[in-house]
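Chemist: Sequence:
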Amino acid sequence: MGSFQRVDTSQLVRGAGRLMYAASSQAFPTQISDVIVTATGGTQYDPKSGWNDLGATVGGIAIEVNNTETSYDIDQIAAAVGTEPDAWTCQVTTALAEYTIPHLILAWEGSGPTENTVPTPSETQSGFAGATSYTERRLAVLFQRPPDTDGNQYIQMYAFRRAVRSPQAVTINFQKGGNALTIPIVFTILADDTVTDPRDGFGTIFDQHA
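Per our numbering, the very first residue in the sequence shown carries number 1; after that it's consecutive.
Hints in this document: simulated from the structure, not taken from any laboratory.
Simulated restraints, written as ranges between beta carbons of each label pair:
#, residue 1, residue 2, range
1, A56, V13, 16 to 22 Å
2, E123, Q44, 33 to 39 Å
3, T132, A80, 38 to 44 Å
4, S126, T93, 20 to 26 Å
5, A27, S3, 42 to 48 Å
6, A27, T83, 36 to 42 Å
7, N52, A131, 17 to 23 Å
8, A79, G15, 41 to 47 Å
9, I172, E123, 14 to 20 Å
10, Q175, V65, 32 to 38 Å
Cβ coordinates follow ideal geometry from the N, Cα and C atoms, glycine included.
Start from the sequences, fold in the hints, and give me the full structure.
Modeler: Written as structure tokens, this is what we have:
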């Protein structure tokens with residue numbers, strides 16, 4: 001007798017992701033190996049040139065896609081007779097667990113950094129606050145699936161064409177107890193109007209498989 005419930009347990013997914021970014025001038029990836037090294041060896045999973053890791057996160061890396069819609073009605077029918085989307089939104093939200101100046105620059109839309117080697121020890125300097133525009137970047141979220149029955153660990157990547165910082169309070173609280181410092185950050189994903197198919201405007205999902 002067959003099973004009434006049809007469940008593919010290999011598709012039940014949980015695990016940490018990896019968040020990476022690149023300058024907006026970086027070519028948009030056409031495959032996962034454009035962002036990280038996928039070939040086996042000592043450099044496997046290293047970032048490709050131009051891509052940077054944002055390191056450890058707390059609370060996950062959330063990708064949220066939503067839309068609003070317009071409904072149509074007519075006098076002769078009490079219910080809506082049609083509906084279509086009129087606006088789409090996409091955000092990537094996380095909290096960076098590695099407290100670094102480059103991460104603060106990213107979250108606070110800061111300047112620099114620059115290196116001052118005159119004093120001993122050297123000092124890194126960066127300004128913050130007051131930016132009148134956002135820095136646009138490429139963004140990628142990668143996830144490695146648990147090993148399958150053959151020991152393969154396939155990678156899934158969400159690549160975003162245009163990402164900018166969204167308003168988000170970042171509080172740096174130096175204290176002797178409690179949790180380690182984190183840097184919350186929200187990226188708004190903008191549509192790329194140079195892409196022919198509007199369904200590809202935010203980005204592309206890449207999914208390795210056998």
